[in-house]
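Spelled out from the first residue to the last, the chains are:
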Amino acid sequence: MNARISEARASFQTALEKAQTDADLDQVRVQFLSRSGAIANLFEEMRSLPVAEKPALGKLLNVLKFEAQAAFDEKKRTLDASTVRGSDTVDLTLPGRPRPVGTKHPLMQTIDDIKRIFVSMGFSVATGPEIETDYYNFGALNFPADHPARDMQDTFFISKDILLRTHTSPVQIRTMEKQNPPVREIMPGRVYRNEAISARSLVSFYQIEGLYVDQGVTFSDLKGTLVAFARQFYGNDVRFKFRPTFFPFTEPSADMYISCFLCKGKGCRMCKQAGWLEILGSGMVHPHVLKNVGYDTEKYTGFAFGMGIERTASLRYGVDDLRLYYENDVRFLKQF
Amino acid sequence: MKISHNWLKEYIPVRLKPSQLAEDLSMIGLEVEGFEELAAKYQGFVVAQVLERTKHPHADRLSVCKVNVGNEDLQIVCGAPNVDAGQKVVVGLVGATVPRNQHDSDGRPFVLSQVSIRGVQSSGMICSEYELAVGDDANGILVLNPKAKPGTPFAKHLGLSDVVYSMEITANRGDWLSHIGVARELQVIMDAKASLPASLIKESKTPVGKHATIKIIDAAKCRRYVSRVVRNVKVGPSPKWLQDRLMAIGLRPINNIVDITNYVLMETGQPLHAFDYDTLERHTIVVKCAKDGEKFTTLDGKERTLRADTLMICDAEKPIAIAGVMGGANTEISERTTNVLIESANFDPSSIRKTSKYLGLSTDASQRFERGVDMEMSLYAANRAAELLQKLAGGEVLKGAIDVYPRKLQPAKISLRVSRTNAVLGTSFTQNEIVSFLKRLELKVAKRTRDSITFIVPSFRYDLVEEIDLIEEVARAYGYDKIETKTRTTIDFTKPLNTGSLQESLRDYFIGAGFNEMLTYSLQDKAKGLMTGERAVEVLNPVSAEASVLRTSLIPGALTVVKHNRAHGLNDLRLFEIGNVFALKGEKPTDDLADFLEDERILMVMSGSVVPQQYGSEHRGVDFFDLKGEVQALLSKFCLDKYRFISYDTAGALIESALAVEINGTYAGLLGKVGKSISERFDIDDAIFVCEMRVSALVGRRTAEKKLTPLPRFPSVDRDLAFVVDSVVQHETVERTIREAGGTLLANVVLFDLYQGDQVGAGKKSLAYSLEFQPLDRTLTDREIDAEVNRIVQRVEEACKAKLRAT
Ligand SMILES: [Zn+2]
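Going line by line, the protein sequences match chains U and L.
Just so you know, we're using our numbering here: the first sequence kicks off at 180 and counts up by one.
Just so you know, we're using our numbering here: the second sequence kicks off at -6 and counts up by one.
I should point out that these hints are in silico values taken from the structure, not numbers from a laboratory.
Be a bit skeptical, because a hint or two may be false.
[What the hints assert, rightly or not] Only pairs whose alpha carbons sit at most 30 Å apart, straight line, appear in this in silico DSSO-like list of lysine-lysine:
(1) L:669 with L:578
(2) L:479 with U:420
(3) U:420 with L:10
(4) L:186 with U:420
[Said to hold, decoys possible] The following residues of chain U were derived to be distant from chain L, with all beta-carbon distances above 12 Å:
(5) 184
(6) 208
(7) 215
(8) 233
(9) 363
(10) 371
Bear in mind the structure is a predicted one, so any value in this text is a computation, not a measurement.
Heads up, the beta-carbon is just placed ideally off N, CA and C, and yes, glycines get one too.
Required output: the full structure, derived from the provided sequences and hints.
Encoded structure:
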C-alpha cells in the first residue's frame, strides 16, 4: 500500500508538470483529485485493510491529498496569470471610463466651511431678501438719515425707500423681530455696493454675518468666539488682534486681524508687508438696534460680526482677481 | 487725512517714533494707513556748485559741466540753456530716483544711471524744479541761493525733516480731522497733555461792531457765527514755514490770507472763510436759505443752482457763499484786497450734508461740518486767524469779535455705571480705573455714587451722547487686546437643531451628479434683464449700463458663461446655479417691498458631448432626453413621485420645445433647448439644454416625512408588450393608459424600445414596454397575469388606437 501511495504521488507530479492548458489541468483534476480519482480510490482501498494499519496509512494519504491539492492550486494560479499576459488579453492600463466630476463653487465652499464651524458652536442659519427697505438696511441699524456713516456703503436704489441691501445685517433685524433671545444665527447672502467694477471690487459680493444675543454676552465672549473660529478656519497657530473701529450698529466695534498665515507675520505681498490680515468686522450690538426690535436693553446684550466671502476665499485660494469667481471658466471651477 | 509729525509737536510733546506712533494710534482706532518721510524722496540729491561749463564737442545744445558735490567733482552733461559756471544747483547722483520725468507725458519718476551722452560720460543730472517736484518750471535748471553749501543733502536744504501720516478717519470722529484732534488722542497712548497755543492779538481801538453787522435768520441751520475784521492787510506769499506746513499735508500755498485760513482749519478743525470786506454790501452778513432755483457762482468759477433748503451767507443784497461748502467768486480774496472779514461759523451737519450731496461738491469745510465741528472752537479759531493775519500780513485787527451764538451749548453730562461697563465688556474694572481711563480723554468727573460716575464731556467730543459711548471709550483706552478672550459655547436644545438646508442638499446632489457649480452676477445689462419678458427691477443709480437691471432668470447669465467657455474650446458643459431672480409685481417700482418678487431658482445647463471623450465609446451630443433624465433623477430624489411633466404648445421666451414641470400640482419650471434666436445673441451655434425651476417648489417632501413602504415578500413577474401606434400618439398617453388599466398589481412600466421604420410602416411607430407585476400577499399564477395583460392590451388598443405586436 505504501508503494501504491508513492507511485500515485509520482504520477500526479508528472501529470501536473505536463499540464499546459486549462483543459490539461482539468484532466489532472479528474484523474487524481475528483471523487472517483486516484487519491479517492486509495482511500477506498484503505477501508478494506486491517484496523491496525489504518491510522498510519490514513495519515500518509491525508498528507498526499493535501499536498496534491496545494500543488494543483498553485499550478492553476500560475497558468491563469500567464494566460492574462498572453496575446489576446486585456490591457489593464487603459483608462477607466471617465464620468463628469462635479465641483462646488469656491465661494460656496468657503461659506459652507464657515457655516460648519459656527453651526458646531450652536448657531443656526438664517436668510433674508436681497431687495430691502431703507429701514431694515439702515434705519433699524442705527444709521441716522443724512449722516456720513451712510457713505460707508454706497447704495443702489430701486425707489425712494427700496434698495439693494448693502450688507446682510437686515437679516439680523428680521431675525430678532421674529424671536426672543437667545438668538444665535449666522446669515450668509449676496449684498450690493455701488462701486466701480475692478479686480478688487465688484458691485455685488457674498457676505456672512453672525449674531448672538442673550443675557450676559460680553465683549470678552465676542473675542473668544471669533478667535475659536479663526483657529478652526485659518489654523491653530495664528495670532490675532482686535482694533477699535466704527460701525453704526455696534459699540464697541472691532476689526479682527490674524497674523498672516502665508509669511507667519514676517510680511509678504498678500498682507502688504504688514504681517497682519484683516479678516472680519465685529462689535457689541448697539443698544439702539436692540431697542428697535423691542428687546430689553438692560437685560440683553449681544455681539455681531461679518466678513466678505470673496476676500476670505481669495486669502485661502490665492485668487487675486475677484472677477474670476463670476466668469465661471470650467478650468477654474474644476480646481476646487 | 494727512497729519504732519512736526505739526503735532506744536500741541503735544511727541516722543514716539513714527512707526510706533502709527501702530499705537491704530490700536486705539485712529487708523494710520501709512507714513512718508518727506526727506526720503530726495535721497541722492545734493546741493552742488558748477565749477566749469564747456560746450559739448558733438552737440550744440548740450554743455559739459564740472560740478562739485561736496566731497568730489563730477562731470555732468546738461541740456539746460541757463546753466553756468558759479551757480549753486541741485544734482541728482547716479542711483537716485528723479520724482518727475519732463520727457514723459505723465511725468513718471525714473532712476538715474551712469550714461554716455554723444560720447561724453555723465555722472548724474542737474535738475529743474519740475523734475524735483518743487515747482512747474521745466525750461531750465533750478538755480539756488548763492549761499547754499555744496554737498548739503537737498532735503536738508529744503528743511524737509517731517514725517506725514495718512490716516483713515471713521465717520463718527470729525474731531480727528485736525492736528489738535489727533494730538488729543495721543494723550491716550502717551503720558503728556495736549493744548492749543494761546492766541495773542494786539487789537486796535476801533470796535468791530461799528464796521460789521452779523444776522442769523435761520438759527436751526447756523448754530454760531463768529467774525473778526482785519484791516490794511498786505496780500502776498506766506512765509516758508507756513508753506512747508501746508505742502507737507498736500495743500498748495496760495497767498498769506488763504493759507492762514487753511492753516487754522488744519490746526483746529474749524473751517474758516475770508471775505474781501470791501465787496460786502453795507458790510453786513446775513445767514439765510436761498431761493429755489437761484443761481450762484462759487469761487471755482462754476455756476450752481440752489434750492430752498440751501443755507447761504449773504451780504445786505446778494449771496456771497454757500454756507459751510464754498465761498463765492464775488467776494473772493484777491491781490487788491486790503480789508478782510473772517468767518468762523458752526452749521448744522445734516443741512451741510444735503447741500454737499445735491451739489456734488465736497470740500475740506463740508467734510468737517457733515461730521460735526466743535461748537466751542469758533471763537478761538477766529482769534487765531486774526493773530496770524496781524503777524504775517501786517493787518490791523479791529477790537473784539462779533459772536452770534443763539443757543449756547451746555456741556454734556453722561452717567456711566461700573456694573454695566463690566457686564458689556466682560471685565472687572473698579470705579477708579474707569475714571483714570476716561481722564486721559479729557472727560471730567462731575459726580460719583456707589456704582455710577457722571462725566462732563468736552465740547469737541460731540460724538459721546450716552452710556454705551463711554463704555467704548473705556475699552479703547484700556486696550481691546487686554480684554480677556473667553470662549463660551452653549447649545440651545429648546429649538430644533440645524440640519442643513435644502440648498445644501441640492448642491451636494448636483456635485455628485457631475455638475459644476457656477455663480453669476445678479445685476445685468438691460437687454439681458428684459429677455424673459418679465417686468425687470431697474436700479435708479447704476454704476454702469452693464449692471443696471436685476436678473429675471438665471438663463442669460448662464449663457454668458457658456459663451466664455466655448470661446476657450470648453464645449462639454454640465453646470448648475442656485440663486435669486427678481421682478416687479406691478407696472412700476413702488416704496412697498411687497410689490417686488424675489424668487430662488435652480438652473441646470447641459451641452456638448453626453459623456467625456473616451475610447471604446461612441461620441454622442447631449439631447433633450439626457436633460430630462437628469431632471427626473433630481425630482425623484427630492420630490419622490409627486411631479409630472406637461407638454406646452407655447414655450418660454428663452426656451423652445419646452416641457413644464409640475410638483405637487404647482408649476415649478421649464426645461428644454435654448431658443435659436437667443443662443445666437450669445454667439452660440450649438444646442444648449437648460432647466430652470423654483427652489421653493422642491420643498414639497423632505427626508423626515418619508415613510417606509414594506419590501415585497413574493416574486414579481415581468411581461413585455409592444404596441404599434400612429406616430402622433405620445408615449405618455400610452404609459398612462397602461398604468390605469394595470391596477394595483402593476408596479412598474418601462419603455425599453422605440422603433420607427419599414417593419411598422409609414406614419407608425412601435413602443415596447416592460411591465412588472408585483403581488403583495401571494405568488401570482400565469392565469392571473394573462388576465391582467389581456385587460391592459385591450384598453391600450381601444384608447390609443394601437395594435399589439408579436412579442
Ligand atoms: Zn504675509
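Right, here's what the structure says about each hint:
For the proposed pair residue 669 of chain L and residue 578 of chain L, the alpha carbon gap of about 29 Å is at most 30 Å, so the pair holds. Only pairs whose Cα atoms come within 30 Å are accepted, and residue 479 of chain L paired with residue 420 of chain U is accepted, the gap being roughly 14 Å. The straight-line distance between the Cα atoms of residue 420 of chain U and residue 10 of chain L is roughly 21 Å, inside the 30 Å bound, and the hint therefore holds. Pair hint residue 186 of chain L plus residue 420 of chain U holds up; C-alpha atoms about 28 Å apart against a cutoff of 30 Å.
Non-interface status of residue 184 of chain U relative to chain L is upheld: no Cβ of that chain comes within 12 Å, the nearest being about 52 Å off. Residue-level check passed: residue 208 of chain U sits 36 Å from the nearest beta carbon of chain L, beyond 12 Å. With a least beta-carbon separation of about 38 Å from chain L, residue 215 of chain U lies farther than 12 Å from that chain, consistent with its non-interface assignment. Every Cβ of chain L is farther than 12 Å from the Cβ of residue 233 of chain U; the closest lies at roughly 51 Å, confirming the non-interface assignment.
Interface exclusion of residue 363 of chain U from chain L breaks down, the closest Cβ pair being 7 Å apart, not more than 12 Å. Against chain L, the non-interface label of residue 371 of chain U is violated: not every CB pair exceeds 12 Å, the least being about 7 Å.
Of the hints listed earlier, those the structure fails to meet are numbers 9 and 10, in rising order.
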